[in-house]
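Participant: Chain residues, written in single-letter form:
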Amino acid sequence: MAASVEELPLAKALNAGLRAAMATDDRVLLMGEDIGTLGGVFRVTEGLQDEFGKKRVLDTPLAESGIVGTAIGLAMRGYRPVCEIQFDGFIFPAFDQITSQLAKMTNRTSGAVHMPVVIRVPYGGHIGAVEHHQESPEAYFAHTAGLRVVSPSTPNDAYWMIQEAIRSDDPVMFFEPKSRYWPKGPVDFTSSAAPLHATRVVRTGTDVTLLAHGAMVSTLLQAAQVAADEGVSVEVLDLRSLSPIDFGPIISSVEKTGRLIVCQEAPGFVSVGSEIAATVAERAFFSLQSPVLRVSGFDTPYPASKIETFYLPDADRVLDAIDRSLAY
Amino acid sequence: MAERTPAVQFLSIDGKFAPNEAAEQYLPYLADLTASDHQQFYRDMAITRRFDEECTNLQRQGQMGLWPPSHGQEAAQVGSARAARPQDVLFPTYREHAAALVRGVDILDIVSVMRGASLGGWNPNDPKNGNFRNYTLVIGSQTLHATGYAMGVAFDGAVGTGDPEIDTAVMVYFGDGSTSQGDVSESFVFAASNQTPQVFFLQNNHWAISVPVSTQSRIPLYLRAQGFGIPSVQIDGNDVLASYAASKRHLDEARSGEGPAMIEALTYRIGAHTTSDDPTRYQTPEQLAYWVARDPIIRFESYLRSQGAPEQFFADTVAEANDFAADLRHRTLALEAPSLASMFDNVYAEPHALTTDQLAWLDAYELSLREGV
Ligand SMILES: Cc1ncc(C[n+]2csc(CCOP(=O)(O)OP(=O)(O)O)c2C)c(N)n1
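In order, the protein sequences belong to chains A and B.
Letter by letter, the first sequence follows residues 1 to 328 of the numbering used here.
Letter by letter, the second sequence follows residues 1001 to 1373 of the numbering used here.
Isolated chain A (complex conformation):
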């Protein structure tokens, strides 16, 4: 048994979470491109094929629609497949199977057929990669009824959330912030993190609320520290779940601070941030002292990586938004 708290990178925490889920339930299967012998291009599944065998860790043919489509069939047979999509930008060949089949199966069968399928998607920028390797496509899936969409930002959440996602009888899109795969953080193996769909307060403050998911959470914490040095008290929320969204803590925080800035790497137009801004305007209008602001990637294709730092929101852009919010 591992020590109860260990410092691990997020990728290794996921690996441990997958191992625990596979050991608990022999209907859990992993499937994807290069996940067996190689252990995945990010090594998230390293060692699992040796441990659980080739029938439980499948190196599939190179076809994303095929991976998700066959996972649906396996789920019909009683398995709990966990699919790895190698990179964010390569999920679209599977888009039809995810949105038209996986997402709708439970509803169209009046609940007779459940789809306990997890789709793991390494996503987001900051890794200097070529086209199609740094995107943030989560809004497409949050928009689709029938899917749950989550994204851990810390190793501890990664370890626990992957296990909860696998236990869910619904399809879960599991977005892994790939720029956070390597930094280490504490993983507490004994007591579980917040529930899968809970928004969490990661820093308390009184003047303005910052909200993000995935890799942006660490950017917000940097910005909050700089702001604190300048005398501004910032509250930081980690969204963790994009469908459903746990609005309770968001509304409570806005009631306290009166100001909300929603941050994301994804393009801002018709995004998760847009949805949160609209809902907060509906539910907390009289608490707001300034408009909800969005700090997002631009509405362009993800740029060539030499200029990605101008595309991705950084702490300075967040600080600029804090200034704009406080100026009202």
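Hints in this document: simulated from the structure, not taken from any laboratory.
Note that the structure is a prediction, hence the values are computed from the model and not measured.
Glycine included, each C-beta is placed from N, C-alpha and C at the ideal position.
Warning: the hint list may mix true and false statements.
Unchecked claim - So the derived list for chain A, only partly shown, Cβ under 10 Å to chain B, looks like this:
(1) Ala-63
(2) Thr-70
(3) Gly-111
(4) Pro-116
To be verified - Label-pair ranges, simulated between beta-carbon atoms:
(5) Asp-1156/B - Phe-310/A: 45 to 55 Å
(6) Asn-1123/B - Thr-24/A: 21 to 31 Å
(7) Phe-90/A - Leu-1137/B: 45 to 55 Å
(8) Ser-100/A - Arg-1218/B: 27 to 37 Å
(9) Gly-128/A - Pro-1164/B: 50 to 60 Å
Take the given structure of chain A and dock chain B with the ligand to it, following the hints.
Facilitator: Just chain B with the ligand, lined up with the frame of chain A:
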């Protein structure tokens, strides 16, 4: 194009038992069939033809949004579905009404889908539905589900045990148009790679709505599977015995662990793609006449008569089919719209705040309208 063997055929178009050369190796698979099995095949086909016609009428009378007829394809469907064992699992498109009937699905559940009273219709996990999965409207999608399911069957060890009660095969239906979909090619790849216990059953009815099969493929479609390493055969799909024998053989082989196979059944959609279609815009009268002369039911009736089936049997079947259709009509008219809650129920298996909140809102809104608040 290269010479190729003709499609497997046992019954000549005038209903004589005259197996061609390609059929010879399939002869043993007919050995167990009795006269009463033959009569069952006939009844399956005749009842389907009759309720299918009734459904077209019901649609014309405004009782259904759409009906996709199976007219002309009954032999392909009945032969294949009758060859499957009870534990086998069948994945249909949206046109396999005869196969649904054979497996025990209440045809009213199909009507309910086409009427807009239900999305999926029936519970595929309920034993009474004979492991007949739900219809799939996105062309080709179900081929991947079938392959995944068959992978699961193999992982469960329900293949090649030699126990006829355990060994299981999967059969997936698909159309000639669907063969152009990437999902169908991907399912061939996954099936070949995993050597799934699976039969791909293609009904080449020569049309994808108005587009002829020549637009989908310049080679006979059964040859395409061979490019993926999947053995395949072309059969006369309007010969119920050919459909039965080929399906029986390849299902048996799949169950015993010999991997996937593909059957191309040459058939024809006699009439419209669906009730929204006008086939006179693209089918020639000559082509239609050619296929009407190859009607699978008439052909099999001639065969049964030549085998001494009594007149009474045919009269009884007509009466049975009429009763079936009348009962279906009666029950169709009584079908009610689903509850509003059913829109929100089962979007997720476990509660989800968005749908829970929206259902509560809709209930309150509807109540306020009724109360005139
Ligand atoms: C992905 C997709 N594209 C288009 C359609 C519309 N559509 C419905 S049936 C059909 C033709 C299908 O032809 P085929 O696969 O030969 O089957 P058949 O209807 O002849 O049985 C088309 C284009 C669809 N249902 N799904």
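Participant: So, for every hint listed, does it hold in this structure?
Facilitator: Quick rundown of the hints versus the structure:
A least Cβ separation of about 4 Å between Ala-63/A and chain B falls short of the 10 Å threshold, and the interface hint therefore holds. Hint status for Thr-70/A relative to chain B: holds, with the closest Cβ pair at about 3 Å, below 10 Å. For Gly-111/A, the interface hint holds, since its Cβ comes within 10 Å of a Cβ in chain B; the closest pair sits about 4 Å apart. Here the hint on Pro-116/A is kept, as its CB sits about 8 Å from the closest CB of chain B, short of 10 Å.
In this structure the supplied range 45 to 55 Å holds for Asp-1156/B paired with Phe-310/A, their Cβ-Cβ distance being about 53 Å. As the Cβ distance of Asn-1123/B to Thr-24/A is approximately 29 Å, the hint placing it in 21 to 31 Å holds. Checked against the given bound of 45 to 55 Å, the beta carbons of Phe-90/A and Leu-1137/B, roughly 26 Å apart, lie outside it. Roughly 29 Å separates the CB atoms of Ser-100/A and Arg-1218/B, a value that falls within the hinted 27 to 37 Å.
Taken as a hint, the range 50 to 60 Å holds for the pair Gly-128/A and Pro-1164/B, whose Cβ atoms sit roughly 59 Å apart.
In the structure shown, a violation is registered for the earlier hint numbered 7 alone.
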